[in-house]
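Single-letter residue listing:
Protein chains: 4
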Amino acid sequence: MSHTTVGLIGAGRIGRVHAENLVQIPEAHLRGVASPHLDETWAEGLGIPVRSTDVNAIFNDPSIEAVVITTSSDLHVELIRLAAAAGKHIFCEKPVAFEPGPIEEILSIAANAGVKLQVGFNRRFDPSLLKASEAVRKGDIGDIHTIRVTSRDPTPPDINFVKRSGGLFFDFTVHDFDTVRFLSGSEIVELFAVGEVLIDPRIGAAGDIDTAVITLRLANGALAVIDNSRHAVYGQDQRFEVFGSSGSLAIDNTRATFVTTSTSKGVFTERLHGSFGDRYREAFVAELRGFLSSVREDRPVAVGAEDALAAVRAAHAARKSLAENRPIRLNEALKAVEAVGAGSSR
Amino acid sequence: MSHTTVGLIGAGRIGRVHAENLVQIPEAHLRGVASPHLDETWAEGLGIPVRSTDVNAIFNDPSIEAVVITTSSDLHVELIRLAAAAGKHIFCEKPVAFEPGPIEEILSIAANAGVKLQVGFNRRFDPSLLKASEAVRKGDIGDIHTIRVTSRDPTPPDINFVKRSGGLFFDFTVHDFDTVRFLSGSEIVELFAVGEVLIDPRIGAAGDIDTAVITLRLANGALAVIDNSRHAVYGQDQRFEVFGSSGSLAIDNTRATFVTTSTSKGVFTERLHGSFGDRYREAFVAELRGFLSSVREDRPVAVGAEDALAAVRAAHAARKSLAENRPIRLNEALKAVEAVGAGSSR
Amino acid sequence: MSHTTVGLIGAGRIGRVHAENLVQIPEAHLRGVASPHLDETWAEGLGIPVRSTDVNAIFNDPSIEAVVITTSSDLHVELIRLAAAAGKHIFCEKPVAFEPGPIEEILSIAANAGVKLQVGFNRRFDPSLLKASEAVRKGDIGDIHTIRVTSRDPTPPDINFVKRSGGLFFDFTVHDFDTVRFLSGSEIVELFAVGEVLIDPRIGAAGDIDTAVITLRLANGALAVIDNSRHAVYGQDQRFEVFGSSGSLAIDNTRATFVTTSTSKGVFTERLHGSFGDRYREAFVAELRGFLSSVREDRPVAVGAEDALAAVRAAHAARKSLAENRPIRLNEALKAVEAVGAGSSR
Amino acid sequence: MSHTTVGLIGAGRIGRVHAENLVQIPEAHLRGVASPHLDETWAEGLGIPVRSTDVNAIFNDPSIEAVVITTSSDLHVELIRLAAAAGKHIFCEKPVAFEPGPIEEILSIAANAGVKLQVGFNRRFDPSLLKASEAVRKGDIGDIHTIRVTSRDPTPPDINFVKRSGGLFFDFTVHDFDTVRFLSGSEIVELFAVGEVLIDPRIGAAGDIDTAVITLRLANGALAVIDNSRHAVYGQDQRFEVFGSSGSLAIDNTRATFVTTSTSKGVFTERLHGSFGDRYREAFVAELRGFLSSVREDRPVAVGAEDALAAVRAAHAARKSLAENRPIRLNEALKAVEAVGAGSSR
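Residue numbers (the numbering used here), protein chains in the order written: chain P, 1 to 346; chain W, 347 to 692; chain V, 693 to 1038; chain B, 1039 to 1384.
In isolation and in its complexed conformation, chain P is listed as follows (with noise of 0.2 Å):
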């Protein structure tokens, strides 16, 4: 089996998921790790032979073949431009960048470095949503009328994390937009926002929504909802449908473990899936080892920028929903953006 040479950049809750499946794919080989407040016991029980808090540790060592870039989203865009000047494939985590503007770049940019930038849209890796989705590919259900998609959170995110994140649409429903595109195979034409703050109010002060749900109109003609909340008790909720002209197709949440207990007081399962580390464990690895065998092949990734590009998009329509109480053509929303940026210095 040939292997890749990869670096990781960013060694947060996200990158330790990262590195900690790359050490365990025999086709990578996780040579070095940078980010800015590295635990180096964690890195060298790893095994990591290159530790350091400066990233050129990574973008200069002539044997890494591709990057992780799994920092804060306000420096993808950045990592993203140094990586492909220093030839490296990129895997960066979602959203790349809060502005379409930013996408469109580096898509360009990575075209012209040559090298492969794929996006962290994780479910798109998970066994069951890859199997419905070849199933509505094959036609098993005909037609496509609707989507249903419920993606709720077992805990709400530290206060400061939301005051960062770039707010629910962006933070979250990112990943929920970008599955009706990849379950439908069709595109975001027009969406209404509503939303609430019925979880933490602190999530209100900082501008934020806890709870959301979203109707979307296909360009296929199908309608989707997606319903969002920040904190679901009994753990991480996903659930998916595709209802068609001869069928559905639904995905039940997932389970470690299928022990049934059976007491005088009823009929019970263990709680779902404490974390989305935990619900799409086989998800991270399959989209890494997918990603390196696009490097490895030289053949397209599965997901790239131009997703990232069309779940911000939508992103920015949600938001613009929920302040103007009405439904919003995407196109109309880009204008908006474009009409901002225009005048900005970028």
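Note that these hints are calculated values from the structure, not bench results.
A hint or two may mislead.
Unchecked claim - Ranges between beta-carbon positions, derived for each pair:
| no. | chain 1 | residue 1 | chain 2 | residue 2 | range |
| --- | --- | --- | --- | --- | --- |
| 1 | W | Pro372 | V | Pro992 | 23 to 33 Å |
| 2 | W | Gly623 | V | Glu826 | 20 to 30 Å |
| 3 | W | Ser591 | P | Asp158 | 11 to 21 Å |
As the list claims (entries may be wrong) - Which bits of chain B does chain P cover? Going by a derived footprint, with three or more residues having C-beta under 8 Å, they are:
| no. | stretch |
| --- | --- |
| 4 | 1054 to 1064 |
| 5 | 1161 to 1173 |
| 6 | 1279 to 1286 |
| 7 | 1294 to 1307 |
The structure displayed is predicted, hence computed values, not measured ones.
Ideal Cβ positions, reconstructed from N, Cα and C, are used throughout, including at glycine.
Please arrange chains W, V and B on chain P, whose structure you already have, making use of the hints.
Same frame as chain P, but now just chains W, V and B:
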């Protein structure tokens, strides 16, 4: 067990369902049936002594204490007036009327006549919905954040029925509006509807839609979403979820049998119920028994005309929202209805 | 709809269940009830005109066409004789008798009198068991290899009942023996029983067991296994599986409601049915309707005394197997019964 | 993370499964593989430096601390002797040996050599079985009354394998005997086995059976039942239940994906796993990690040769029970084995 003597008016599809239930309910005596095109053999087979094409055979029979009105919707209001004048207690199929005005009118007519008036929102008597509703009331899931209703019919109605039905929102979604109110214990204050013709172009030609997603805001701050289809090939699809601060209550599709077959092709169970009559069989019996018990014990009915009023107002708002592609507040829709009504001879 | 006039004998627990079903079955007219300790209020409330402590009030009433015998088991045979002599069709609760001899006797008595005789193996009318049985007959799972029956009661019976009941195999497992025959369409040829007193030492003191596992060989070569308990704290547990060369049919526990509650403690549903009456509600109604239809249309009954005979023979073999800790062939058990019987005054 | 250097002996089907897991386990370094017909390309692709057809390449390599023995069963005992002599820790696939004597012998050899010896009863590391076992230990279901094991393979083995396998009880049921011990925490004291050839007459011609039901009595008074089949067309069927005085724990079949498809034909999910390798994928990794951790931390292994001994004794009793059609006590079976063994040259 004391009996209540009943007359039934309108022996079409739903009328027959109620009649066949009434003869099996020990506390009811179905004495008479009146219907323009009465099937004598059917009525005689059920052992109904009074059989007529004239409603006065029912209204003028002093032994009949209560009437069940199951005619086409356009006759409901007039029959309720006549029944109240004859001093009969009244069970009337939904939606009673398509306009708020007449419903308000009969509300006061029934009150003045001192007769019970129950509306046929049968789902309120479904064992699973009742159980979930009680659990919500008891606080099992804390404050309500989101409600989801998926309601899909197994076969699109006859196009002639579609033309007379008042449209999807008045004929079909009206049940879902009531369900949201029942499960939440709160009122709908604003909604946004999207709809499409994806199943049968004749439905579109008749000015109606066959697929819809409606987002609602409730007075208690919760959000709700209803998705509808006229054609779920796998059967009657009725799923409900109330999600709150301490958990969720989900009502899954019911099943007639509990057999799972495993073969080399997979693991399968039979399709869902083939009709709402099969799905809500117990609820149809229970709503009549509930009505009879309200009559006998002189207690308030479980579902009154004020519930029909609220659901019809929501249907008006949905129609307006769909037409204007914007969210509509229910009191705004109401004013519009009143404005139109003001010029009429009503 | 033509009616059959019915008299019921024995208004204990199961008798009341049948009486309350009969008054709701339109094709039945429950004219009389006879029981040594008759609850007049209950019987009058059901509107039963003839109420007596004397069975002759039933047998001598010429308008009564059929009787339902639900007395204690020791009276079944004598009452069947009297009913047949009076020319009444007969529905009798299981097991009819504890010995094969009397069952064979009443088989010929009923045949000679030209009256129907149906035995109360209600499970044969359960929608799920019926459906599975039909699927087996149609060959959906090919040749039968293994049958599994799990049958557990929610609460151990009163110790006084245990003493009169004939023991677990005769009172309880007898249903499972019949179920194995029904699902397989084959006969039991040999069995091996193990049993223990794990729930209540008083059951052991009464010479009975409360927990059992019985392995069976069928005439068609298939193997079967029954496991029984007198005390499943989570409710009435009734599961069945037929496994064959092309697949399996599994019948799961039925549910009264379809609500799932998810909280921080897990995902749960209510406990199973609290009694066999709740679990087999539909089956109890359907077996009476089946009997009435056999009477009206002069068709053979679905469950005859020969089925009681086969199940009682299996119960005898199980008792012998438990006592001798070895497998017993049914014809061996039968000969032993006959040998004992030969010397008796029967 | 400290590593353990491992050598693997026997690269057949199960050997490859273990080798491919070892290269993904960060705390293992798979240094060598020895196998009579070694696939060099496969071994090189996994990056295993030492590749040989001679087991001494493993035993004589001082850097190798532990060996994984996955040869055919007849070589297990001799290889364990050699490994112990070389001071290597040992992971050996079940059943270690077909006779109790040799297992007892290697138990003392390993103890004297001071090396760990773990046996491949992989189910003990399955997340669901582990969880259920812990719940039983914690008393969640009170005293154990009944245990049910359903274990069915998706495809009958090659007839040549059947001839060498030791028979169904030694090759297949041996896992179920261990599972009953694991779930109950008790010992098997007596059993009764019935078996048939219902799938493939060649299995019968080879002196084996393909379908079996085994009833067991445990030392704690509980009853258990195992049913086996060599051919479940719908996939690997592995279900377990522990029923006790305060409830039950049921382990259902696991699923690779959670997609449900509903069409006009019904509601279905994919067939079960296609092999035990897929079903127990996590367990196969976890048992190796458990073994490596016992080696590194010098802790007792989770599954020792005494567990193999107990399961093999049960298999002997089952074979005797089937042959003599009577229940067999395990110490009786053991004496019979010893009597035979006494005259041998062992």
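Hints violated by the structure (numbers, ascending): none
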